[in-house]
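By our numbering, the letter at position 408 of the sequence shown is numbered 411, and the numbering carries on one by one without gaps.
Among the hints, a few may not be true.
Here are the simulated lysine-lysine pairs, DSS-like style, with alpha carbons at most 27 Å apart [as the list claims (entries may be wrong)]: (1) K288 / K298; (2) K416 / K400; (3) K416 / K322; (4) K142 / K118; (5) K103 / K118; (6) K322 / K400; (7) K118 / K153; (8) K288 / K416; (9) K235 / K211; (10) K127 / K153; (11) K211 / K103; (12) K288 / K322; (13) K153 / K142; (14) K127 / K142; (15) K322 / K407.
It should be emphasised that the hints constitute simulated quantities derived from the structure, not laboratory data.
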Amino acid sequence: MPASAIYPAKQHLLATARNLGVDSGVIFVRGGDTIIHPDSDTEYEFRQDSNFYYLSGVREPACAAALDIASGRAILFVNHVDAAEAVWIGVPPSLEDYRKTYGFDQTEYTCDIAKVVEALRPSKVYVLPHHNLEQLGSKTLDSVAIDSEKLITAVHEARVFKDDHEIETMRRANRISSDAHVQLMRNTRIGMNESELRGQFIGQVITKGCDYEAYGSIVARGRNAATLHYTKNNMELDSSGEMVLVDAGGTFEGYASDITRTWPLGLRFTQECREIYEVVLSMQKAVIDACVPHKQWEDMHILANRVGAEGLLRLGILKGDIDSIMANYVVGYFMPHGIGHLIGIDTHDVGGYPSGTERIDAPGLRYLRCRREMLPRMAFTVEPGLYFVDAVLADAKAAPDVAKHIDFDVVAKYRSVGGVRIEDDIVITETGYDNLTVCPKEVADIEAIRIDAYEK
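Whenever a hint applies, use it, and build me the whole structure from the sequences.
Following this line, the structure appears as structure tokens:
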């Protein structure tokens, strides 16, 4: 996909209108504004409102968009920049250039929003609940019905299903981020700091065209990997017997990637590290292979738990009957998070829990970020992990029905592993899945990279 391809903003507006189930009215959305750090003139780094980006493709601040549902006419509103401001930020494109770049039917300045919307004579205006409506003007606000409830559900549901443009953009984000992970595998050395790896990752993805980190990167050596969202990233890599878990992804043209790899700080995995790693890899492979349309996402989590239970039984960490282990959610004490989540513009993308869908209150399952039927064009992360979290294992020891299935003496042998997570991004197709992530994860491949790196 060429970087210059026109973003399908109008198609996204029309898809959202179809989800509203109405044949008239106006959709009106605003983009984000520049925010100034308190008591200073320094701007926070601007990141566009995700729903507005989906409906416009515009990453600049202070813009807006509208769709006249009856005619299907899409209108983009951009900020007028006068000569005094242009000195500081540059001369903006013309209205016609904006229209062509983003594929709208009409482009106007934001100062004319009220006039343009009034001319459409809408019976109702659909807006997002967190958006300021002052730009619509008093005449529209006083005389037209404003619906601030239905649009957010409609746009969230539209965002769940990725079109070809979105999928190829996410594939590019994954390619760049996968390459950055491989480079980190090559560059990791004893004596470095976690922060160095994070800095290298950011530099790699931005150099190759990403906008920024999709989320705060996690670079966790050894026991730090037992903290799921460890972000201190400030400890020295000082033991060749440990691993480092790197959960990091770049955002390319507004779309996120989310990749996790875990590799040895030395040339090879230690026995304990390899054994836990191979169980996690078997969990991920089983889940990815099972991802086909019309299965329930929560069943993928349960599958990961069963494969994990089988592996932990082989290692002697668990004991007893596997059906009892599953019934008591024992693996949830070693994988205290969901198997994955929807991904798109946001790393944890919207639409995971449709209206009326409840969470499952059970270890591990309660943290699922998505409960719905898998359908073509949905994008998910698949990220099983196994962790040795002292506080969680203390809870397990205090629960008799769980503790009877855990050999805590064997657990102590693996405690230094900290945690292992392996994460890829996939898209559900008509017949199965498309794995967008292309980063090595087989033990032999990772060790080959580490050995080659040290030899050079």
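Discussion item. Please list, smallest to largest, the hint numbers that this structure does not respect.
Written reply: none
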